Each structure stands twice: as structure tokens, then as C-alpha cells.
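Start from chain A and add chain B according to the hints.
Residues per chain, in single letters:
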Amino acid sequence: MEILETAFMQRALIAALLVGITAPAIGIYLVQRRQALMGDGIGHVAMTGVGLGFLLSTSPIWTAMAVSIAGAVTMELIRAYGRTRGDIALAMLFYGGMAGGVMLVNMSDTGSTGDLSAFLFGSLSTVSDADLWAIGLLAAFVVLVSVGLRRQLFAVSQDEEFARVTGLPVRALNLLIAVTAAVTVSVAMRVVGLLLVSALMVVPVAAAQQLTRSFRTTFVLAVAIGVAVTLTGTTASYYQDVPPGATIVLLAIAAFIALTALAAPLARRRARLAEAALGVPGDPAGCVAGVPDARRPGDDVRV
Amino acid sequence: MSDPAISPLSASDPVITVRGARATLGARPVLRGVDLTVERGEVVALLGANGSGKSTAVRSVIGQVPLTDGEIALFGTPLRRFRQWSRVGYVPQRTTAASGVPATVREVVSSGRLSRARFGLLSRADRAAVDRAIGLVGLADRAGDSVSALSGGQHQRVLIARALASEPELLIMDEPMAGVDLASQEILAGTLRDQVAAGTTVLLVLHELGAVEPLIDRAVVLRDGCVVHDGPPPKAVGQHALPGHDHVHPHAAHEPLRTGLLT
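Sequence order for the protein chains is A and B. Numbering of the first sequence is given in our numbering, commencing with residue 1 and proceeding in unit increments. Numbering of the second sequence is given in our numbering, commencing with residue 304 and proceeding in unit increments.
Chain A on its own, in the form it takes in the complex (with noise of 0.2 angstroms):
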């Protein structure tokens, strides 16, 4: 395997790998509260990070994830507290650290605009060693909030008003969701890039979810695609000429469609058996448990 030799490939695939582990690991507690969209407005908030980073001549990866820290609990904030229009704020931060970066990248000595599309695009091949160490860390600060607090996170993401009866810092866990997102953004950048990393969160949560019926199996699932397209793609952005990040992004949707295709006939079988289980098929028998008589009127009025 030629591709392992180089170091740049090997930093490249280990930065890929946590990527397809992180993003969806986190990406299906945004799925389950119904915020798919969330990562996307953290890459863009991020972009101001880049911006800053450029500005003060430090590596874009600490101020891009200190920006969309900020950023990510900004939207928490207005999304639990705002009683008014929160689209309209959340709009105005978007485009605001969009904005911002481009400013701030051309204010900077060193970047132009062209520079910003290393990080809104991606570009595994500039990955350099202490990138990689940084992605490391936060991949394994990423890993261990979203496997070891699952239930908790779980819980919050399904209703988070029984989840706040049940006694759970229901707060602290949306800030603690923000700001792991918002990390994982930072992981991401180099590879995916800031516009398509939040279909690296969401996509392959979405195709894993045509299949299954757990969130356990769908978790599992969703991070096994995720590393299969992240690992399919930088790959294959090696040997043909092809960016990395939408290789990863077009396979994970070429993942989806396929899952979905599969989904039909799987239930079709799962029906089937549910119909065997409960016994022969067209068997009158089999239709007419289980349900209680309703009560009759006591008179002789109908409705």
C-alpha cells in the first residue's frame, strides 16, 4: 500500500478517520433534537475564527474553535432564552461570521480570500503534524462526551422537559451539546471543510436511520458510515485528482440513497415476520385479540 507510505497521507487518513467518528457521533444528537442545520451555522460562525487566526498569525484551528464555541452557545442561548423570531438572530450570526472572516482574512497581512477555501473546502494534504495532535485531542474530547454521557444526552434530546422533571442539568447538557458541536467543527475543517462539514454530522445519521430501529444500532451505524466515506474518499482523493471533502460529502449521500433503496424491501421482510410470529397468515384468529370490549350505552340514545 503505497498510499501508507507518505506522511502526509498517513496524517491525512488519521485526520479523516476521526472525522468520520466525531461528526456523526455527535450530529445525531443534533438530528434527534431536530437542529440537522446547527453544524452548518457553527462552520460558518467558524469562518471568523479562520479570519482571526490568519489576523494574528496563529494556527486558525484554536481561534476557529474558540469562535464557534462562542458562536455555538450564542445559538443555545438564543434557542432556550429567545421569545422572539430566533431564525431572524440565528440568520444575523451566520451570515455575520461568514462576513466576518472574509474581513478579517483580508484586513490580515498574510491571507487573501483565496486562502479561506483551504478551510471552507477542506485540504487534507496541508494537515500538518501539530494539527494532527490538536484534532487528536479534540477527537478524543468529542468521543468521550458523546459515548460516555449518551444516556443523559439521550434523555435531553428527546424531551427536554421530562428530561428537566427526571432531576439532569437539562442546560448545562444543551451548552455541553453547543459546545461539543462546535468542536467538532474544528476537527472537521481541515478535511471536509466549514461549508460541508454538517453533512458529515447529519448524512450519514440520516442513512443510517433508514435501517434501524434503536439509537444504539443507529449511532453505531451512523459513525461506521461516516468512517467508510471519510476513509473512501480522502483515499480516493489520492489517487485520482478529486477535493477530498466533497468526494466524502457525494459518497455519503451515495450512501444514503443506497440505504434507502435497501429500507423497502427490509421492511417488507420485517413485516412478513412480525405476520409469521403472530401466525399463519390469513388466519382469522390472529385478528381479533387482544382488544378490550368498549363499553356500551347504558341507554337506547345513539350519537
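It should be emphasised that the hints constitute simulated quantities derived from the structure, not laboratory data. None of these values were measured; they are calculated from a predicted model. Be aware that a few hints might be false.
[Said to hold, decoys possible] Non-contacting residues of chain A with respect to chain B, defined by C-beta distances greater than 12 angstroms in every case (computed):
id : residue
1  : Glu-5
2  : Arg-11
3  : Ile-78
4  : Arg-79
5  : Asp-87
6  : Gly-100
7  : Asp-131
8  : Ala-140
9  : Thr-217
10 : Leu-231
11 : Leu-251
12 : Arg-272
[Unchecked claim] Short, incomplete list of chain A residues facing chain B, as computed with Cβ under 8 angstroms:
id : residue
13 : Phe-154
14 : Asp-159
15 : Phe-162
[To be verified] Derived DEER-like restraints, expressed as beta-carbon distance ranges:
id : chain 1 : residue 1 : chain 2 : residue 2 : range
16 : A       : Phe-141   : B       : Asp-527   : 47 to 53 angstroms
17 : B       : Asp-527   : A       : Glu-161   : 52 to 58 angstroms
18 : B       : Pro-535   : A       : Ala-70    : 53 to 59 angstroms
19 : B       : Thr-340   : A       : Thr-74    : 41 to 47 angstroms
20 : B       : Gly-513   : A       : Leu-37    : 40 to 46 angstroms
21 : B       : Gly-366   : A       : Leu-56    : 42 to 48 angstroms
Ideal Cβ placement from N, Cα and C applies to all residues, glycine included.
The following block gives chain B in isolation, referenced to the frame of chain A:
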């Protein structure tokens, strides 16, 4: 705060004490001085028309709606300092137990056990309690199924099982019978009967008494945010006394009215 009637835990304290509760939603006063006491082992129904404040009342009891005035205590502890949430089972007003990602009945019900499994680690006893709660609502054979494959009545049963998973002493239910057919209502009433027999205190918001009527010790009727009746459950009158009578809901006002009048 230093009210002598609200003192730390003692066996004789009422399970729920609400005194002079006032709350507003936006600019509209929804609760205008509600008093409500639920004693240990009682089954109290909160009745009233839509918009009378009954949902707001129960949601203020569990701390979801802040009061502008008045005080609330659970098990003798002021709500602000109440932390023993595993003693409370809550069934929110929902029509579905599903969310954006598939989850099995057991997974959803397990989240009700988190109030006893603080760090999210479910022990063998916790898992047994979850399975017991699923059995109580008659869904044992569906425990591994996705909740999105369930019917409306089964969704309500999942929500109730989730509340029962912590083996609560107090069960608070917000319209558990909404959108549930009569057969499922009977199953829910049976579950509730067993809970009450085991000594559970119940506060439930109802639109109508229905299948749970025999269980109810006391009915509190709200109108415009005030308690207008506190005593034995009122007898249903007229066509409302019929088991199969029509429901005409205000939110359907733009549709042609089917009044359900006798023809």
C-alpha cells in the same frame, strides 16, 4: 421562606402544596391565585376548559413555569430546593414519544430511570425496573420495537412507562388520555389503578373524566386561572355523560361543527 407550614420532610406533609400561585404567559395572567393541596395517596384530577390554566398549573408544580407570586412545595420541600426528582414521575402532554432519530421503547423508557441512575450507568436492578415499567403498560412484547412504529395510544403508554420507570411516589400526568381510543384508555386506567393501589399519589390533568373516573378521589376545576370547584368529581351531564360522545375542540373552530347533538 420561613413559613412554618413548609418545613423539611415529614411523613405528614402533603405531597403537593400550592398556595396563591400566580403565573403569566406573555402578558396574559394564566394562574390567578391557585390553591391546591394533594395528600399522600390521593388521586386528584385537574379539570377545566382549554385555556383555563390547568396545564400551566401542573407545569408550575414541576418547575417548568415560573410563578410571579405564591409558593409551591413538593413533599414538604419548597420547589426551589427540591432535588429528589426520582420521587416524581411526569407524563408531559405529548402526542408522540418519537424524536428525530429512531429509538426503541426500552431506550425511551430507560431515560425515565436516569433520576435514580445519576451517572447514566444502569445497573441490573435499573434495567429490571425499566422492563417492569414497560410490562405495567402492557408493551412487554414491543420493548425492542421502534417507538415510531407504535399507535397513538401506545405512544401514551410509552410516556407513562417512562414516568413509572423511577418507581415514583407521585405521578403527575398532563392529559394522558388525549387522543387515546377507549380500548387503550382502559389499559391506561388499569395501569393507574395498580399504581394507586400500591399507594402512589396522582395528580392528573384531564379534559374529561373518561375511563379513569372511578379512581378519582377529588376533582379541582379551574376556570380562567382560578379554582372554582374542589371536591368530589362532578357528575357529567347531558350528552357528555355518554361514553361515546363527540368532542368539539376550539382549535377546530374553522371546520364545520359536528355538535354531536342527539338526532
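Okay, the hints, checked on the actual structure:
1. Every CB of chain B is more than 12 angstroms from the CB of A:Glu-5 (nearest about 40 angstroms), matching its label as outside the interface.
2. Once the 12 angstroms rule is applied to beta carbons, A:Arg-11 is consistent with being away from chain B; the minimum gap is 32 angstroms.
3. Here A:Ile-78 stays apart from chain B, with its beta-carbon at least about 18 angstroms from theirs, past the 12 angstroms limit.
4. Listed as a non-interface residue, A:Arg-79 keeps its Cβ farther than 12 angstroms from every Cβ of chain B; the least gap is roughly 15 angstroms.
5. With a cut of 12 angstroms on Cβ distances, A:Asp-87 stays outside the contact zone with chain B, its closest approach being about 18 angstroms.
6. The beta carbon of A:Gly-100 sits about 30 angstroms from the closest Cβ of chain B, which is more than 12 angstroms, so the claim that it is off the interface holds.
7. Its beta-carbon lying about 31 angstroms from the closest one in chain B, A:Asp-131 satisfies the requirement of being farther than 12 angstroms from that chain.
8. With a closest Cβ-Cβ approach of about 19 angstroms to chain B, A:Ala-140 is found to remain outside the 12 angstroms limit, as its non-interface label requires.
9. For A:Thr-217, the shortest C-beta to C-beta distance to chain B comes to about 8 angstroms, within the 12 angstroms cut-off, and the non-interface label is violated.
10. Separation of A:Leu-231 from chain B is adequate, the least Cβ-Cβ distance of about 24 angstroms exceeding the 12 angstroms criterion.
11. With a minimum CB-CB distance of about 21 angstroms to chain B, A:Leu-251 clears the 12 angstroms threshold, and the non-interface call stands.
12. For A:Arg-272, the shortest C-beta to C-beta distance to chain B comes to about 15 angstroms, beyond the 12 angstroms cut-off, and the non-interface label holds.
13. Annotation: interface hint on A:Phe-154 holds; nearest CB of chain B at approximately 6 angstroms, less than 8 angstroms.
14. The restraint placing A:Asp-159 at the interface with chain B holds, with a minimum CB-CB distance near 7 angstroms, inside the 8 angstroms limit.
15. The interface hint given for A:Phe-162 holds, since its Cβ lies 6 angstroms from the closest Cβ of chain B, which is under the 8 angstroms cut-off.
16. Hint check: A:Phe-141 to B:Asp-527, Cβ distance near 52 angstroms, so the stated range 47 to 53 angstroms holds.
17. Range check, B:Asp-527 to A:Glu-161: about 25 angstroms between beta-carbon atoms, so the 52 to 58 angstroms window is missed.
18. Remark: the range hint 53 to 59 angstroms for B:Pro-535 to A:Ala-70 is upheld by a beta-carbon distance near 58 angstroms.
19. Distance hint check: the CB atoms of B:Thr-340 and A:Thr-74 are about 43 angstroms apart, consistent with the given range 41 to 47 angstroms.
20. A hinted range of 40 to 46 angstroms holds for the C-beta pair B:Gly-513 and A:Leu-37, which are about 41 angstroms apart.
21. The supplied range of 42 to 48 angstroms is met by B:Gly-366 and A:Leu-56, whose beta-carbon atoms lie about 44 angstroms from each other.
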